[in-house]
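Mapping of the sequence shown onto the numbering used here: position 179 corresponds to residue 179, and the numbering continues sequentially without gaps.
There could be a bad hint or two in this list.
Beta-carbon label-pair distances, calculated as ranges [to be verified]:
id, residue 1, residue 2, range
1, N38, R67, 32 to 42 Å
2, Q359, A121, 43 to 53 Å
3, T42, V266, 48 to 58 Å
4, A298, R63, 38 to 48 Å
As a list, the in silico PhoX-like pairs of lysine-lysine whose alpha-carbon atoms are at most 20 Å apart [to be verified]:
id, residue 1, residue 2
5, K234, K174
6, K158, K253
7, K284, K245
8, K174, K245
9, K245, K343
10, K253, K345
11, K143, K158
12, K234, K245
13, K343, K253
14, K174, K305
15, K245, K345
16, K158, K48
17, K343, K284
18, K234, K158
No wet-lab data here; the hints were simulated from the structure. Since the structure is predicted, the reported quantities are computational estimates derived from the model, not experimental observations. Here a beta-carbon is modelled for each residue, glycine too, at the ideal position from N, C-alpha and C.
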Amino acid sequence: MSSINSDRIYRSLIGLEKTASTSRVWNLAAIANHNANNPEHTSSPLFKSPVLNGSVILKHRLRGDERYLFDISPHTTTKLIVPFAASDLSLGGRSLFIEQRGWRLLLEQLTGQVDDMNHDASLLEAICELPSMDPFLLREHLKRRGFTIAPTYFAISKADVERMQRFVASEINKLIELAYKNDASSEGNVSKLVSALLSTDTDERLEPLRLTLRLEGEAYRDGIFSWKGFLYYKWVLSTLWPALKEVLVEFSKLQIIGPRDPELTVHLNTTRGRIQVNLERYAKAALTAIGVYDQAFAGLTGDGKATGFRDFLLDAPHMFLALGERTGTISHITSFWRYRFPKGKPLKASPEEVLDLLQDFEVSLAAEPAASRAA
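Could you build the full structure based on these sequences and the hints that come with them?
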């Protein structure tokens, strides 16, 4: 367990206190403050430990000097930070990585609590399974794992849910005709299948689809969940593209103001160029992954061939992780850039601010996500 003070991660988190979360950060400290007088929030807490309910959880790219903590170090892991003061993240806190060597013992030391640690540790492991902190997928994944949690922990607006439902409905209209072609009562099948896909349970409403795809058991359940993830990320990316284009244009226009030596100027400009190239590469890779899904789905709905889509669902849990990491990185960079540089405000910052910003972005883009067929 490490102690952090004035760390670059904390300087980034301070800027996110008002928004509570991004796809990379789940700021439970801010959520707790916002819902301090909300009985619904306290009735079904996320963790048994009050300490953990005031923590910050984030997806973290491991640096070279952190890999020794793991027997087999992943590119991306989940980091738990318990602030010294939830109302002021700049004071620092204590942190650990989920699944680093001896992390459960460190968790007990951090919370000072032994009872119910199995519940909280299992919940952290479930969070670690996801590639990002997207609230829709977090909510569905944790429900699927059997955790009952107050909806206040997931910042999903009613308008976003409705937009997501409309998007999914437009995506699967052709599938309705295939899966329910022998159903005499076809009216309402679109809303029925959309509701089934966006629900936590894989129930009898999806039985015609399961029969069409000839999938069973865990492979079917995992495939449907990952399909839901692909649909979610396709929707998220469709909303991110305009924001990403704006960021890429503004990124090259950012002015560095204040005294600096020539060597630092060269370093900042070189780093900025490298980040821009890598960000475009991430966007292209995400589009390629979506293209794999689109091709498989078109084969199912256009040609009536279930084999290609069945193979996609079998591969989807693995591919979904890489797509989620890429989408989460793009979302984090675009949202944090817009927070730091609101529309209409000057694109100017000191050398120190630019260095912090570029370091954060470069770490996010440093390593390729988990290998996938779409990579």
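Do the hints match the structure? See the list:
Restraint check, N38 to R67: a C-beta distance of roughly 40 Å satisfies the suggested window 32 to 42 Å. At roughly 31 Å, the beta carbons of Q359 and A121 sit outside the given window of 43 to 53 Å. The beta-carbon spacing between T42 and V266, approximately 53 Å, falls within the hinted interval of 48 to 58 Å. Separated by about 41 Å at the C-beta atoms, A298 and R63 satisfy the suggested range of 38 to 48 Å.
At most 20 Å may separate the alpha-carbon atoms for a hinted pair to count; K234 and K174 meet this at roughly 17 Å. A C-alpha spacing of about 36 Å is found between K158 and K253, which places the hinted pair above 20 Å, so the restraint is violated. A threshold of 20 Å between alpha carbons decides the hint, and for K284 with K245 the separation of about 13 Å falls inside it, so the pair holds. Between the alpha carbons of K174 and K245 the distance comes to roughly 31 Å, so the proposed pair goes past 20 Å and is violated.
Using a Cα cut-off of 20 Å, the hinted pair K245 and K343 holds, with the two alpha carbons roughly 13 Å apart. For the suggested pair K253 and K345, the alpha carbons sit about 13 Å apart, so the restraint of at most 20 Å is met. At most 20 Å may separate the alpha-carbon atoms for a hinted pair to count; K143 and K158 meet this at roughly 19 Å. Between K234 and K245 the alpha-carbon distance is near 17 Å, which keeps this suggested pair within the 20 Å criterion.
Taking the CA atoms of K343 and K253, the gap is about 13 Å. The hint holds against a cut of 20 Å. Under the criterion of a C-alpha separation no larger than 20 Å, the hint pairing K174 with K305 is consistent with the structure, at around 13 Å. For the hint pairing K245 with K345, the CA-to-CA distance comes to about 17 Å; that is within 20 Å, so the pair holds. Restraint check: the Cα-Cα separation between K158 and K48 comes to about 28 Å, which exceeds 20 Å; the hinted pair is violated.
Simply put, K343 and K284 have alpha-carbon atoms about 25 Å apart, too far for the 20 Å limit, and the pair is violated. Taking the CA atoms of K234 and K158, the gap is about 19 Å. The hint holds against a cut of 20 Å.
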